[in-house]
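Going left to right, the sequence shown walks through residues 238 to 772 as the numbering used here numbers them.
Don't take each hint at face value.
Here are the in silico distance ranges between beta carbons for each label pair [what the hints assert, rightly or not]:
#, residue 1, residue 2, range
1, Arg684, Ser530, 16 to 24 Å
2, Gly351, Gly421, 45 to 53 Å
3, Glu708, Arg532, 15 to 23 Å
4, Glu450, Arg487, 52 to 60 Å
5, Glu422, Val280, 48 to 56 Å
Below, in silico cross-link-like pairs of lysine to aspartate or glutamate (EDC-like), each with a Cα-Cα straight-line distance of 16 Å or less [said to hold, decoys possible]:
#, residue 1, residue 2
6, Lys340, Asp447
7, Lys408, Asp350
8, Lys607, Glu654
9, Lys352, Asp325
Hints in this document: simulated from the structure, not taken from any laboratory.
Think of the CB as a built atom: it goes at the ideal place given N, C-alpha and C, for glycine as much as any other residue.
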Amino acid sequence: MATVTAKPEPAPEKRRRLRWPRGSRLGRLIITLNVLALAIVIVGALVLNELRSGLINARIDTLTTQGALIAKVIDQGATIGEPEPMLDPILASQILQVLFIPKNQRARLFDADGKTLADSFVVADRVDWKVLPPARKPGEKAPATHLSPAAQARAERARQDLANEIAQAMKGRIAAGTRIADDGERVVSVSIPIQHVRAVLGVLTLEAGDIDEIISAERKALLPFILVAMVAIVLSSVLLHRLVAVPVLRLARAADHVRLQGARAISLPDLSERRDEVGDLSRSLEDMTHSLSERMDAIERFAADVAHEIKNPLTSIRSAIETLDLVTEPAARARLLAILQNDVNRLDRLVTDISNASRLDAELSREHPKALDLAKLLVEVAALYEAQLRPGPAPGSVRVRLGVEATQKTALVLARETPIGQVFRNLIDNARSFSPDDGEVRVYMIRPRGKTTVAVIIDDNGPGIPPDNLETIFERFYTSRPKGRAFGGNSGLGLSIARQIVEAHGGQIHAENRTDETGAIVGARFVVELPEAYA
238 MATVTAKPEP APEKRRRLRW PRGSRLGRLI ITLNVLALAI VIVGALVLNE
288 LRSGLINARI DTLTTQGALI AKVIDQGATI GEPEPMLDPI LASQILQVLF
338 IPKNQRARLF DADGKTLADS FVVADRVDWK VLPPARKPGE KAPATHLSPA
388 AQARAERARQ DLANEIAQAM KGRIAAGTRI ADDGERVVSV SIPIQHVRAV
438 LGVLTLEAGD IDEIISAERK ALLPFILVAM VAIVLSSVLL HRLVAVPVLR
488 LARAADHVRL QGARAISLPD LSERRDEVGD LSRSLEDMTH SLSERMDAIE
538 RFAADVAHEI KNPLTSIRSA IETLDLVTEP AARARLLAIL QNDVNRLDRL
588 VTDISNASRL DAELSREHPK ALDLAKLLVE VAALYEAQLR PGPAPGSVRV
638 RLGVEATQKT ALVLARETPI GQVFRNLIDN ARSFSPDDGE VRVYMIRPRG
688 KTTVAVIIDD NGPGIPPDNL ETIFERFYTS RPKGRAFGGN SGLGLSIARQ
738 IVEAHGGQIH AENRTDETGA IVGARFVVEL PEAYA
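Between the sequences and the hints, there should be enough to build the whole structure, so can you do that?
Next comes the structure, spelled out in structure tokens:
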């Protein structure tokens, strides 16, 4: 059985907006873990930057306080000359030697011309040492001791920075900041002017060379944040792998098993219990394969029913053909030919209805449901039968009359126009086939109380339906013709197709008998309920 598919119409483009995945647990987990890892690094960097700035500022404040005290003592103890004061280098050196200067600091004193008067490294007899290279072999030349161009440039830049700082202090302002020292190390430097009254006699420069140690300590302090961020990222990756990648892979393998092994169901109980997208996917796959399994079973039953129904006219045709050669009487031959013609017509009707039934699923998937005016559709269907009405008492003279509600009210249902129109045509055809010649089929449309549905009622004045067959009539190939009707005039698929279409639209269809005041059956009634479009 071939299945006709159609390419769905492209949906109109909508402007997409970034929204928090409210219904997505995995989406929230992914976003939260990755943002958490990033936030850890950002917070750590901000904290360490603030800490670094705070340490440097605190170091500058400490050196400023210490330098102001030393500058005041030097001003009081090493200033000589009247009325033009000046610093005594010897007294200034003695004062620096008496005052305590930590080993990780350097104090230098400059006169008003920028010349060095004292240096704490010299006063404190500080000795720079380094590991000597290995002894040279006899005849080996000594390595060059001159500085490289890069080292020379670095030393020159250090001297220029120091000169700029001293020049600012000579103007009577405290100059502070970080710069590169002569040996290439980064230092915190404070230059304080030594003033006697308002005259600047010199500059005291204090340097702390532990800035690199502070930065190194800060970098070490950043390591825990980096490690925590890495652990969070690795953990999120592992969780995503175990919670998403592995289950999806298992689902893919299960789907391949269904495809390759011909299985009709997929079973993943450990995933179907999950309340996230993977669980939804697992349940959807199970429901899909279950639906496919049911559809395959229905196709098998349909094929068996088709084979059974086609065998009946074929058997009759074979029997008539075998008997035709033995019959010589013209009247008998005419009856056999009539039987052959009737069976051929019946077989043609069966093939046509079977073809329509097999294409029903494809037709339902081809057309998208939309708001449909049910009253307008009923008017069009009734007009079609009115145009085909034959005058006088005849099988085709049964009229189709619409109730007032079906002509004056508007009822919107979410449906496909072509299949729903086929439902009402099948029901009206069925009602007309059971109605007496020159009879009438009445179509009403109502809204049941307490429901958000629209009901269409189709009444006839035929013999009614046996109570035991009110559900059986919707089965495939079921026919029950009243006496006097030609056998084989119906395939028994009309009501089955009608119920399949109605249920595909989320509606219901049922049959019942109409009775009069005495309880006698006066006809059959079919009721179709469809949900409203904007309920």
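Status of each hint after checking the structure:
{"no.": "1", "hint": "Arg684 with Ser530: 16 to 24 Å", "result": "violated, 38 Å"}
{"no.": "2", "hint": "Gly351 with Gly421: 45 to 53 Å", "result": "violated, 23 Å"}
{"no.": "3", "hint": "Glu708 with Arg532: 15 to 23 Å", "result": "holds, 21 Å"}
{"no.": "4", "hint": "Glu450 with Arg487: 52 to 60 Å", "result": "holds, 54 Å"}
{"no.": "5", "hint": "Glu422 with Val280: 48 to 56 Å", "result": "violated, 30 Å"}
{"no.": "6", "hint": "Lys340 with Asp447", "result": "holds, 10 Å"}
{"no.": "7", "hint": "Lys408 with Asp350", "result": "holds, 12 Å"}
{"no.": "8", "hint": "Lys607 with Glu654", "result": "holds, 8 Å"}
{"no.": "9", "hint": "Lys352 with Asp325", "result": "holds, 13 Å"}
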